[in-house]
Amino acid sequence: MPEPQRTLGAAEVEQLVEREYAYGFVTDIETEVVPPGLSEDVIRLISEKKEEPQWLLDWRLKAYGMWQGMTEPNWAKVSYPQIDYDAISYYAAPKSAVADGPKSLDDIDPELRRTYEKLGIPLVEQQRLAGVAVDAVFDSVSVATTFKEKLAELGVIFCSFSEAVKEHPELVRKYLGTVVPHTDNFFASLNSAVFSDGSFVYVPKGVRCPMELSTYFRINASETGQFERTLIIADEGSYVSYLEGCTAPMRDENQLHAAVVELVALEDARIKYSTVQNWYPGDKNGVGGIYNFVTKRGKCAGARSHISWTQVETGSAITWKYPSCILLGDDSIGEFYSVALTANRQQADTGTKMIHIGRNTKSTIISKGISAGHGQNTYRGQVKVLPGASNARNFSQCDSLLIGPDSGAHTVPYIDVANPEAQLEHEASTSRIGEDQLFYCRQRGIDPEEAVSLIVNGFARDVLSELPMEFAVEAQKLLGVSLEGAVG
Amino acid sequence: MTPLLEISGLHVEVEGREILRGLDLEVPLGETHAVMGPNGSGKSTLAHVIAGREGYEITGGVIRYGGEDVSELEPEERARKGVFLAFQYPVEIPGVNNTYFLKAAINEIRKHRDQPELDAVDFLSLMRDRVKLLDFDEDLIRRPVNEGFSGGEKKRNEILQMTVLEPTLAVLDETDSGLDIDALRIVAEGVNRMRSPERSFLVITHYQRLLNHIVPDRVHVLQDGRIVESGGSDLALRLEAEGYTKAAAVTA
Chain H
1 MPEPQRTLGA
11 AEVEQLVERE
21 YAYGFVTDIE
31 TEVVPPGLSE
41 DVIRLISEKK
51 EEPQWLLDWR
61 LKAYGMWQGM
71 TEPNWAKVSY
81 PQIDYDAISY
91 YAAPKSAVAD
101 GPKSLDDIDP
111 ELRRTYEKLG
121 IPLVEQQRLA
131 GVAVDAVFDS
141 VSVATTFKEK
151 LAELGVIFCS
161 FSEAVKEHPE
171 LVRKYLGTVV
181 PHTDNFFASL
191 NSAVFSDGSF
201 VYVPKGVRCP
211 MELSTYFRIN
221 ASETGQFERT
231 LIIADEGSYV
241 SYLEGCTAPM
251 RDENQLHAAV
261 VELVALEDAR
271 IKYSTVQNWY
281 PGDKNGVGGI
291 YNFVTKRGKC
301 AGARSHISWT
311 QVETGSAITW
321 KYPSCILLGD
331 DSIGEFYSVA
341 LTANRQQADT
351 GTKMIHIGRN
361 TKSTIISKGI
371 SAGHGQNTYR
381 GQVKVLPGAS
391 NARNFSQCDS
401 LLIGPDSGAH
411 TVPYIDVANP
421 EAQLEHEAST
431 SRIGEDQLFY
441 CRQRGIDPEE
451 AVSLIVNGFA
461 RDVLSELPME
471 FAVEAQKLLG
481 VSLEGAVG
Chain R
1 MTPLLEISGL
11 HVEVEGREIL
21 RGLDLEVPLG
31 ETHAVMGPNG
41 SGKSTLAHVI
51 AGREGYEITG
61 GVIRYGGEDV
71 SELEPEERAR
81 KGVFLAFQYP
91 VEIPGVNNTY
101 FLKAAINEIR
111 KHRDQPELDA
121 VDFLSLMRDR
131 VKLLDFDEDL
141 IRRPVNEGFS
151 GGEKKRNEIL
161 QMTVLEPTLA
171 VLDETDSGLD
181 IDALRIVAEG
191 VNRMRSPERS
201 FLVITHYQRL
211 LNHIVPDRVH
221 VLQDGRIVES
231 GGSDLALRLE
241 AEGYTKAAAV
251 TA
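From first to last, the protein sequence lines stand for chains H and R.
For the first sequence, my numbering assigns the number 1 to the initial residue and increments by one for each residue that follows.
For the second sequence, my numbering assigns the number 1 to the initial residue and increments by one for each residue that follows.
A hint or two may mislead.
[As the list claims (entries may be wrong)] Below, in silico cross-link-like pairs of lysine-lysine (BS3-like), each with a Cα-Cα straight-line distance of 30 Å or less: (1) Lys81(R) with Lys477(H); (2) Lys174(H) with Lys49(H); (3) Lys205(H) with Lys148(H); (4) Lys284(H) with Lys362(H); (5) Lys477(H) with Lys111(R); (6) Lys272(H) with Lys118(H).
[What the hints assert, rightly or not] Quick list of simulated restraints, FRET-style, between CB atoms: (7) Asp137(R) with Glu20(H): 39 to 47 Å; (8) Glu147(R) with Thr364(H): 16 to 24 Å; (9) His426(H) with Glu138(R): 56 to 64 Å; (10) Lys166(H) with Glu117(R): 35 to 43 Å; (11) Val62(R) with Glu20(H): 50 to 58 Å; (12) Asp139(R) with Ala87(H): 57 to 65 Å; (13) His213(R) with Arg208(H): 54 to 62 Å; (14) Asn391(H) with Glu147(R): 28 to 36 Å; (15) Gly37(H) with Glu117(R): 52 to 60 Å; (16) Glu138(R) with Gly206(H): 55 to 63 Å; (17) Gln397(H) with Glu138(R): 24 to 32 Å; (18) Asn391(H) with Gly40(R): 57 to 65 Å; (19) Thr364(H) with His206(R): 43 to 51 Å; (20) Asp69(R) with Thr364(H): 54 to 62 Å.
What the hints contain is simulated information worked out from the structure, not anything from laboratory work.
From a predicted model like this one, the values you see are computed outputs, not experimental measurements.
Idealized CB from N, CA, C, for every residue including glycine.
Same shape as in the complex, but just chain R:
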């Protein structure tokens, strides 16, 4: 079966500097994969290039999603096809109500899937339901998007958006950074609850601790812009114990 996400020989430049250098990665539908790597290895670049951010130039290789080459698609087109990126640094949008924003997003996505748009009542009940699951302060959904949120609240807001938008592929870019242990648990539970045969996750992280809570099917090690090693979830534990340098040395 074709994997949901299939990246082969991907080279990406940012401001003229090559960050990804022939990256290969496959994530089958229904699986959760982790990408681990040291600072500067290209983790965030990978996340952004999958989402289609401008300024990340693909100089070689291809990104297939659901069998389709999506390398040239606009970010919103990929989003509507079910690609979701939980940002490492969620952006503040002053004055735009969190609920309003999310409703605009979900209806934009539904419109492109020929589904009827949700009205305010249906949407609010969906929101309330998700908010409860994530132990999210209801006050936050009425505030402007991420404005004045703590680091942990911003990350939880990303997961809230994910649970509302119900993507097919969710890319979590260092979602664990800046989270205390309670918030980490809540975020992980939110993700675990969404795991299904119809959905894949790509969990990008520096540290192994998140993977105690979200146990991946596969772990990939990213170093110098390439996947240098892949394995089961025990690989993460080994990396934690040995450090990236040694793991890489073993592979080399």
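For reference, chain H alone in the conformation it holds in the complex:
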């Protein structure tokens, strides 16, 4: 007789995908907060606190002027109540971190040190962590950067954005806004006006950066937004692998995180940029959580340059981000590997843009969306081939996995080709975790929760395998599975 085909009911799914948010604590630390509201005065104040040069203040004010005339985008498949930009504080910093200027690693406020330890990011240069350098950003400021000196020996600059403005103004000025201009979009313009800190990386010609560089973003203060800016420049023939992680306390309010990331890869350079995004996603009923509205773009400026974006998006109430590549140099390569998991009431509208300008440019897009509970997951991407991009190639694959009857998956690919030699492929699939798969695993002795994470991780495997090993472990955990015995 035929086997009865069942899909999972809502209650079963809720049980299976229920995850505790492990990073929801608040650090009790004296914080300097600029009163809520946005005006030229606030921007001048931020700039002044950071002791910035005039050109940067001017740039901020230009962006603010632009932003005032812009309207918030509403084309994404996400819904949220109107944000009151005057109710947000645009700068919050632990007093101990800003007093008396930058600190050495030994002088970090013990409370901050404990916070990062709790988050699994010890701010020490231990042998065990010798493969990863960390810049720790807490609310609006960087509180520590490890392995700076060691990297400097090779000419690699890795520091907070604020420090870069002071120590390497010529580099910042040359590249800031060259990939994401201050006029780019509503959230990017807002960021350009008020950005506080972030990381700066410069890898000199021919240098292969010997360790993973990473930034850990932590939101702590309430009723504040985080607006960081990251700029990475890989000079000719260099290589760097960079990773960012992030968490925030559990709160009933929604907090805005509007970051901008710019990557520049010169001739023969390669940048590998990975994200494990775990902002507070809000509770089961969709109360609270971070609005993660981020603009990320890389420019393959030189011939044979190569930029890869890998993202594992498991947190945030709403994710709106499209890490993109401008493939300007001939023979340059852009890649985008993404896993987005939305559970409960989370919404994600994410994807990429691959803009082929140079000849023989190649791009690859692998997107895996997982929706559970009432989660809504949209892939939105564009592949654009300009007239000069002879022999451009793209391969896109967008897969969706649905868990439970109330989740949704949507795929919105835009393809725009102006060169007849271009070759594009697009594959898409949608599947469900079936009762038959679950039963199969359970019959072999595996718990249902473990079975779901096994299936989910299998689905996401092609993307997870792109992450550096240290972070693949974390990502797998976030998707709910233990890496114990990763055989084969």
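Place chain R on chain H using the hints.
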């Protein structure tokens, strides 16, 4: 002695339809029994209800395993007690490495038996050993579970899992369907090698040919949700010759 598997007066409904109607069956430890029956007689339902699949509602009777009533246990609890089901239609799990899957399973089972978990090295050598015995393509153990496997490969993979997990009761649900004669022989050899006084098999099949290779201690005929006749291995030959209708008529 208490039989390993003891089913008495079992009634089972699937989606409101009664499939098993007072089924009685006993399989002593160390024996291999066959259940034969025509399409629609309830063979697969029997296999699934022993394994504890949801959606198969027991409306009467009881399933005892090792003397314990397991009717209410979750599928994974039964599996950890040594119940293994070789599926008629093994399920694909894309992206999950076959070896990883099996290692997760065996360690889950060992954990619940207070045995130490196997590390990657020990497990791989166990896997290699079993793979060789089953003439299994080593490439398949590195591929995702059943993904892109041929019908025969899937069935052999079930037997591979069985030889690694070493169950006490193995239920083989139409393992012979879709197998060519060579694969059938390999599967049967795998089963025969595992037969022991400490292990029982319940071989569910439509056709007698599998029973040429796995010679059962007892054969039961399942019809309309009940065991209508039981006998020695020669019963299978008679069924093959006479067909189910006639065999049933004789019993009736």
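Structure-based check of all given hints:
{"no.": "1", "hint": "Lys81(R) with Lys477(H)", "result": "28 Å, holds"}
{"no.": "2", "hint": "Lys174(H) with Lys49(H)", "result": "23 Å, holds"}
{"no.": "3", "hint": "Lys205(H) with Lys148(H)", "result": "18 Å, holds"}
{"no.": "4", "hint": "Lys284(H) with Lys362(H)", "result": "41 Å, violated"}
{"no.": "5", "hint": "Lys477(H) with Lys111(R)", "result": "20 Å, holds"}
{"no.": "6", "hint": "Lys272(H) with Lys118(H)", "result": "27 Å, holds"}
{"no.": "7", "hint": "Asp137(R) with Glu20(H): 39 to 47 Å", "result": "42 Å, holds"}
{"no.": "8", "hint": "Glu147(R) with Thr364(H): 16 to 24 Å", "result": "21 Å, holds"}
{"no.": "9", "hint": "His426(H) with Glu138(R): 56 to 64 Å", "result": "35 Å, violated"}
{"no.": "10", "hint": "Lys166(H) with Glu117(R): 35 to 43 Å", "result": "53 Å, violated"}
{"no.": "11", "hint": "Val62(R) with Glu20(H): 50 to 58 Å", "result": "39 Å, violated"}
{"no.": "12", "hint": "Asp139(R) with Ala87(H): 57 to 65 Å", "result": "60 Å, holds"}
{"no.": "13", "hint": "His213(R) with Arg208(H): 54 to 62 Å", "result": "60 Å, holds"}
{"no.": "14", "hint": "Asn391(H) with Glu147(R): 28 to 36 Å", "result": "33 Å, holds"}
{"no.": "15", "hint": "Gly37(H) with Glu117(R): 52 to 60 Å", "result": "57 Å, holds"}
{"no.": "16", "hint": "Glu138(R) with Gly206(H): 55 to 63 Å", "result": "42 Å, violated"}
{"no.": "17", "hint": "Gln397(H) with Glu138(R): 24 to 32 Å", "result": "28 Å, holds"}
{"no.": "18", "hint": "Asn391(H) with Gly40(R): 57 to 65 Å", "result": "59 Å, holds"}
{"no.": "19", "hint": "Thr364(H) with His206(R): 43 to 51 Å", "result": "48 Å, holds"}
{"no.": "20", "hint": "Asp69(R) with Thr364(H): 54 to 62 Å", "result": "55 Å, holds"}
The earlier numbered hints that this structure contradicts are 4, 9, 10, 11, 16.
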